[in-house]
Structures are given as C-alpha cells and as structure tokens.
Amino acid sequence: MNQIPEVIRTIPLEYYLFFSTALFCIGVIGVLTRRNAIVIFMCIELMLNSVNLLLTAFSAYNSDPNGQVFVFFIMAVAAAEVCVGLAIIVMTYRNIRSTDVQLLNYLKW
Numbered sequence: 001m002n003q004i005p006e007v008i009r010t011i012p013l014e015y016y017l018f019f020s021t022a023l024f025c026i027g028v029i030g031v032l033t034r035r036n037a038i039v040i041f042m043c044i045e046l047m048l049n050s051v052n053l054l055l056t057a058f059s060a061y062n063s064d065p066n067g068q069v070f071v072f073f074i075m076a077v078a079a080a081e082v083c084v085g086l087a088i089i090v091m092t093y094r095n096i097r098s099t100d101v102q103l104l105n106y107l108k109w
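At position 56 of the sequence shown the residue is numbered 56 (our numbering), and the sequence of numbers has no breaks.
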C-alpha cells in the first residue's frame, strides 16, 4: 500500500465522513421539507457534492485516482441534470407563474 502524503494526513478521514454525512443530511432534509423547485434542485446538488467530496477523500487516502475520475463523470452528469431541470422549472414557471411544487398538480390532464 502506498504511503499517504503528509498534506492529506493533516485532516483525518473521519472528518471527511462526518462533513459529507452532514451535507447529505442537509440536502435530504431540504428536499423533503421545501416546496420551491429551485431550492429542491439546489438540495439535490448539495447531496451530489457531498458524495463527490467523499469519493475524492477516499481516493486521496488510498492514493488511487479512480475515485477522482468517477467524480469527474458525476459532475458531468450533474451539469446535464442542471440543464434539463432548469429548463423544466422555466417552463413550469411560464405556465403557472410559480415554482411551488404543490401547484404542479394543475398541470395534469
């Protein structure tokens, strides 16, 4: 097993775990409690970034670049998700003049 560089050893892996778990929990709570579509979208991005942080930390501690490459692909998928999601939010706002997700029932046939 490769030696962990001194720069990475200054912050223990458990701190990354706790911080990533806290960010993910904040994102889940935001998705479950908020009604604004843009805020829900931001909370989903927060959850994705917490997973990216954890993957990067594990990758750095194991001296393996595979986790960082995986993070790059997750960020590319998240960017595509942002484009599609914001387009849906803009079209919803044009139709009902609100980003409240409770009002989306009015868009049913």
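Worth flagging that the hints you see were computed from the coordinates, not collected in a lab. Where a beta carbon is used, it is the ideal one built from N, C-alpha and C, also for glycine. One or more of the hints may lead you astray.
To be verified - Here are the simulated distance ranges between beta carbons:
{"hint": "1", "residue 1": "Leu104", "residue 2": "Leu13", "range": "19 to 27 Å"}
{"hint": "2", "residue 1": "Arg97", "residue 2": "Leu17", "range": "36 to 44 Å"}
{"hint": "3", "residue 1": "Cys25", "residue 2": "Thr56", "range": "14 to 22 Å"}
{"hint": "4", "residue 1": "Pro12", "residue 2": "Asp64", "range": "35 to 43 Å"}
How the hints compare with the structure:
Take Leu104 and Leu13: their Cβ atoms lie about 41 Å apart, and the range 19 to 27 Å is violated. Taking 36 to 44 Å as the suggested C-beta distance range, the pair Arg97 and Leu17 conforms, at roughly 43 Å. Evaluation of the 14 to 22 Å hint for Cys25 and Thr56 yields a pass: the beta carbon distance comes to about 19 Å. Distance hint check: the CB atoms of Pro12 and Asp64 are about 18 Å apart, inconsistent with the given range 35 to 43 Å.
Hints 1 and 4 from the earlier list are contradicted by this structure; the remaining hints agree with it.
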